[in-house]
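*Asks:* The listed protein sequences derive, respectively, from chains A and B.
Reminder that position 123 of the first sequence reads as 123 in our numbering, one-by-one numbering, no gaps.
Reminder that position 235 of the second sequence reads as 235 in our numbering, one-by-one numbering, no gaps.
Honestly, I wouldn't trust all of these hints.
Stated by the list, open to error - List of simulated lysine-lysine pairs, BS3-like, C-alpha gap at most 27 Å:
hint : chain 1 : residue 1 : chain 2 : residue 2
1    : B       : Lys184    : A       : Lys5
2    : A       : Lys5      : B       : Lys105
3    : B       : Lys105    : B       : Lys184
4    : B       : Lys145    : A       : Lys9
5    : A       : Lys5      : B       : Lys103
6    : B       : Lys72     : A       : Lys9
7    : B       : Lys103    : A       : Lys9
8    : B       : Lys202    : A       : Lys9
9    : B       : Lys72     : A       : Lys5
10   : A       : Lys6      : B       : Lys103
11   : B       : Lys72     : A       : Lys228
12   : A       : Lys46     : A       : Lys228
13   : B       : Lys105    : A       : Lys9
14   : A       : Lys6      : B       : Lys108
15   : B       : Lys107    : A       : Lys6
16   : A       : Lys40     : B       : Lys145
17   : A       : Lys55     : A       : Lys181
18   : A       : Lys6      : B       : Lys72
19   : A       : Lys55     : B       : Lys103
20   : A       : Lys5      : B       : Lys145
21   : A       : Lys6      : B       : Lys184
If you are wondering where the hints come from, they were derived from the structure by calculation, not from laboratory data.
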Amino acid sequence: MRKGKKIQKLSVVFCTFVYIFLFLPISVIVVNSFNATTTKPYMSWKGFTLEWYAKLWENTSLLESFGNTMIIAVVSTCLATAVGTLAAVGMYRYKFKGKGLIDGLLYIPVVIPEIVLGISLLTIFAQVNIPRGMLTLILAHVTFCIPFVIFNVRARLYGYDNSVEEASLDLGANRIVTFFKVTLPILSPGILGGALLAFTLSIDDVIISYFVYGQTKTYPLKVMESVKSGVAPDVNALSTLILIGTILFVVLTQGDFFKKKRLQED
Amino acid sequence: MSGKKKSLEFSSNTLPAMVTVGPVVVIMTLLIAIPLIFVAVMSFCSIDEFYNIQFQFTADNYLRLANPDYVKIYVQSLFIAFFTTLLCILIGYPFSFVIARVKGKYKKILYMLVIIPFWTNSLIRIYGWRSFLGTSGWLNSFLMKVHLIQEPLDLLYKNGTTILGMVYCLIPFMILPLYTAIEKLDDSLLEASSDLGAHPAKTFVNVVLPLTAGGIFSGSLMVFIPCLGYFFVSDILGGGNSDVIGNLIERQFQSGNNWPLGAALSIVLILVTLIIVKIYQRLGGDMDALGV
Numbered sequence: 001m002r003k004g005k006k007i008q009k010l011s012v013v014f015c016t017f018v019y020i021f022l023f024l025p026i027s028v029i030v031v032n033s034f035n036a037t038t039t040k041p042y043m044s045w046k047g048f049t050l051e052w053y054a055k056l057w058e059n060t061s062l063l064e065s066f067g068n069t070m071i072i073a074v075v076s077t078c079l080a081t082a083v084g085t086l087a088a089v090g091m092y093r094y095k096f097k098g099k100g101l102i103d104g105l106l107y108i109p110v111v112i113p114e115i116v117l118g119i120s121l122l123t124i125f126a127q128v129n130i131p132r133g134m135l136t137l138i139l140a141h142v143t144f145c146i147p148f149v150i151f152n153v154r155a156r157l158y159g160y161d162n163s164v165e166e167a168s169l170d171l172g173a174n175r176i177v178t179f180f181k182v183t184l185p186i187l188s189p190g191i192l193g194g195a196l197l198a199f200t201l202s203i204d205d206v207i208i209s210y211f212v213y214g215q216t217k218t219y220p221l222k223v224m225e226s227v228k229s230g231v232a233p234d235v236n237a238l239s240t241l242i243l244i245g246t247i248l249f250v251v252l253t254q255g256d257f258f259k260k261k262r263l264q265e266d
Numbered sequence: 001m002s003g004k005k006k007s008l009e010f011s012s013n014t015l016p017a018m019v020t021v022g023p024v025v026v027i028m029t030l031l032i033a034i035p036l037i038f039v040a041v042m043s044f045c046s047i048d049e050f051y052n053i054q055f056q057f058t059a060d061n062y063l064r065l066a067n068p069d070y071v072k073i074y075v076q077s078l079f080i081a082f083f084t085t086l087l088c089i090l091i092g093y094p095f096s097f098v099i100a101r102v103k104g105k106y107k108k109i110l111y112m113l114v115i116i117p118f119w120t121n122s123l124i125r126i127y128g129w130r131s132f133l134g135t136s137g138w139l140n141s142f143l144m145k146v147h148l149i150q151e152p153l154d155l156l157y158k159n160g161t162t163i164l165g166m167v168y169c170l171i172p173f174m175i176l177p178l179y180t181a182i183e184k185l186d187d188s189l190l191e192a193s194s195d196l197g198a199h200p201a202k203t204f205v206n207v208v209l210p211l212t213a214g215g216i217f218s219g220s221l222m223v224f225i226p227c228l229g230y231f232f233v234s235d236i237l238g239g240g241n242s243d244v245i246g247n248l249i250e251r252q253f254q255s256g257n258n259w260p261l262g263a264a265l266s267i268v269l270i271l272v273t274l275i276i277v278k279i280y281q282r283l284g285g286d287m288d289a290l291g292v
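Chain B extracted, bound-state conformation (with noise of 0.2 Å):
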């Protein structure tokens, strides 16, 4: 009876079921999953003289990849990455804090401002920046004019500058989920733990750090992973000293035209991703918490 009853509902459902997750279905296998599958297939192949693809099967791509250059930028990408969520943290928790906790009209203004610079296109601001910190730019004209300066500071072109461009376009995907975390805070926990006697440096620690865990945790995810990629933000503030992976990739597809390459290094990549996200959910991080 019940068996019955059950494939009952499961052909009544089929249809609606179908129409509703269907197209999603096809659009995730045919644009996602079949795209990154060719991906790591081509990552195994070779090209020919005129830079044509050789489907037959070949190791030598992932063997090139322990090239001493590129370890170095692997290296230096993973630094950038990890000085870039360190920022974020530091400059995004405080500051989420902040505005968190703020009563009345102006909690959802000062939350828009945030938003609000994001809505511009990120290339012209990281240009902005290069704007601002060039020898002739804003910030040496300023020092020289109060003559802290003689001579304009050399401020571009180094890891440092690539790492406040990626600071600068990330930090917003710290902010956010921290805000939600921090916004979540019941008042009264924190009344409870100073009425026992806290100090106020024991009750950030003991009550408000791990409340707030959840909102690090996806937020470092979401600046740690894009850092690897940003390939534009190295490009304009790094000029070619310090490129993060996403440039060795882009050459292998753009220049250089060697697409198995690329496609090895991507799938690098892709593995590095695997790994940060494992260790995320490890952490006790919840998938769902992302890009909401």
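Okay, chain A solo, but in the shape it has when bound (with noise of 0.2 Å):
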């Protein structure tokens, strides 16, 4: 029993060392957006100011990347959910040639170093000439994000019951019908969790963007470009502000996900 409490009690203190690992290079980016220093490389402390909250207001080219990133974030969300929940639905239900090449072709985003398809897609990009810019960044993202709401979806898929579908084919709805009030809403939480990942690679990919980009930057390049020189603290300040977003989303999705879990258990 004291051998237990022993264990216990160690594993408690692993796991805190590891969640402050987590959590420290965060918890200085916080602290040093709040830093009246203003000498590069912008680290000693020189004071407690708000001042890089009001001047992130000014710095329209970060503000405009940050937009940037979340135009393409949301359009190459929908987009890869869009095509790869189709995608999922039609290989698991038919056949047809060339099936086990598309798997293949599949893996390769998901298991190939991000720098070898970021100069893949600038290779062909240059060589057909297509400027690089919003147009090409969406094109890259799109591409990286589909199989991984591919294989979301048809985790979901993994014991699904056809007979569902036949039944609503049966009843006289159509192949489209069916298709949004049946089959959708089945595949919904794998379809969201998608979503989900792809967001998130989304607005967190430099390494394929930096290849892409040509002068529409996204607030991860803007970052790389001040990395150089010392990340200003207005640039920490807008990291701030989007941590809190996004820990208030997870609280609150979260939250509501919570009630929803306890409801089915009862």
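Dock the two chains into a complex; use the hints.
*Replies:* Have a look at this one:
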């Protein structure tokens, strides 16, 4: 019994250290966003200020890059989710030639280092003269997000009961109505999971975007640019605001999730 | 009769199959298959004095890959990736084990606390480490204040710093599959093993480890491979002293402007990836366990 207690204490200590490790660099960013220093590399503590949060609204190029990131993330998540969900359902249901090949292609963006994907898109965009910018960024993001959507939806499809759809068809609904009224609702947890993953990957992507951005800078690329000279505190301020935003989002959505789950369990 | 029925079934399914799978086929062909084939072709090309690509067959780029400076970086890359993966297992396994077996409402919170840091941009988090470890950073200031050291420690721009950054960026890819694998463990199996008199260590080696090996394998794959390409981590924390293959490629496509050489380096990276995936499959790894 005493041994069990000891192990329990040890594991609490260990996990605490891991959480400290995970949150340490974030706390540096949050603290530095309130740092009154004005000299590069903006590290030594010169007192508390909210000035950077006010200055943030004057830094139009930073805000614009954040806007670009959000536009790209929303558009590519929607596209990847639509295309990926359809494909997952189609590949699950129909047999056709070359299915194995498509399956193989889907693993490439998941497994291969992002830099290879980035340079391969760069070379092809340059070769066919597609100007780099918003369009190429969205194309790139859709491409690497699709497999993650497909795999999430597919995981939900295992053990999926085809007879529900047959019943719908037998009762006179056509394929399209059946898809929207029967198939989609059953798959929705997988679709949502995939979409959330796609969104997360898109807003955080540095490597692939780095090769295809042209003049349209995303927020991570803007950060990359400022890393060279020392990240300015207004970038820290924006990062802090984004962090608070995501935590609020998690608390609100997950809180809801808890309630629903408990209802289901009862 | 049956043949006719089959062909009828096929034709009635052709349209829905094309509508559902068509878009993904187009995107994957145009934006994955063709670009990668193009990179392979380019790796056999050369450049003229204006950095224009000459589409004439040459194996020069591949001969240049044997350059000792490059070989040093391949070895260094594999070294960094190996230790990153090892550390991710050593930290991630016990950690996942504890949080996956917590009972009650805190479990979900503990899980979310792993994810939340990764919603802050990865570059800025890596930069956070640089600020923390730098000569005027928190760690050195603290150690000097408590008089443990007289002069700031030189912690940046080493292989170790790069490995720290890689572990930091990639550890969720180890924790999440392990968490899933450990959560699926059936308590009754562990109880049975201990009831039958097995020592906890024996239960772990004979029961727990084999049942969670899949999680370790897929986690290792998802950590090891990206490590070879994450050039920004070695850029920010390694300062050019601990480059990975990704840095070599990035340089050829950005400042170096020798795209064919960069393409040949990318082919090397693809081959390394394929070998690792083959090993993963040999070990019984499930491809579907990746990316979910």
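*Asks:* Next, verify each hint and record whether it holds.
*Replies:* Verification of the hints:
1. With a C-alpha separation of about 24 Å, the suggested pairing of Lys184/B with Lys5/A holds against the 27 Å cut-off.
2. Proximity of Lys5/A to Lys105/B is assessed by CA-CA distance (about 21 Å); at most 27 Å being required, the pair is judged to hold.
3. This hinted pair checks out: Lys105/B and Lys184/B have alpha carbons roughly 18 Å apart, not beyond 27 Å.
4. For the hint linking Lys145/B to Lys9/A, the alpha-carbon distance of about 30 Å lies beyond 27 Å, and the restraint is violated.
5. For the suggested pair Lys5/A and Lys103/B, the alpha carbons sit about 16 Å apart, so the restraint of at most 27 Å is met.
6. For a cut-off of 27 Å, the pair hint linking Lys72/B to Lys9/A is broken: about 44 Å separates their Cα positions.
7. Note on Lys103/B and Lys9/A: the hinted pairing holds, with a Cα-Cα distance of about 16 Å set against a maximum of 27 Å.
8. Taken as a hint, the Lys202/B and Lys9/A pair is honoured in the structure, with Cα atoms around 22 Å apart against an allowance of 27 Å.
9. Between Lys72/B and Lys5/A, the direct Cα distance comes to roughly 48 Å. Violation of the 27 Å bound is thereby established for this hinted pair.
10. At most 27 Å may separate the alpha-carbon atoms for a hinted pair to count; Lys6/A and Lys103/B meet this at roughly 18 Å.
11. With a CA separation close to 26 Å, the supplied pair Lys72/B and Lys228/A stays within the 27 Å bound.
12. Between Lys46/A and Lys228/A the alpha-carbon distance is near 22 Å, which keeps this suggested pair within the 27 Å criterion.
13. For a cut-off of 27 Å, the pair hint linking Lys105/B to Lys9/A stands: about 20 Å separates their Cα positions.
14. For the hint pairing Lys6/A with Lys108/B, the CA-to-CA distance comes to about 24 Å; that is within 27 Å, so the pair holds.
15. For the suggested pair Lys107/B and Lys6/A, the alpha carbons sit about 21 Å apart, so the restraint of at most 27 Å is met.
16. Proposed proximity of Lys40/A and Lys145/B is supported: the alpha carbons are some 23 Å apart, at most 27 Å.
17. Straight-line distance between C-alpha atoms of Lys55/A and Lys181/A comes to about 49 Å, which puts the hinted pair past the 27 Å bound.
18. Between Lys6/A and Lys72/B, the direct Cα distance comes to roughly 46 Å. Violation of the 27 Å bound is thereby established for this hinted pair.
19. Under the criterion of a C-alpha separation no larger than 27 Å, the hint pairing Lys55/A with Lys103/B is inconsistent with the structure, at around 46 Å.
20. A threshold of 27 Å between alpha carbons decides the hint, and for Lys5/A with Lys145/B the separation of about 36 Å lies outside it, so the pair is violated.
21. Taking the CA atoms of Lys6/A and Lys184/B, the gap is about 25 Å. The hint holds against a cut of 27 Å.
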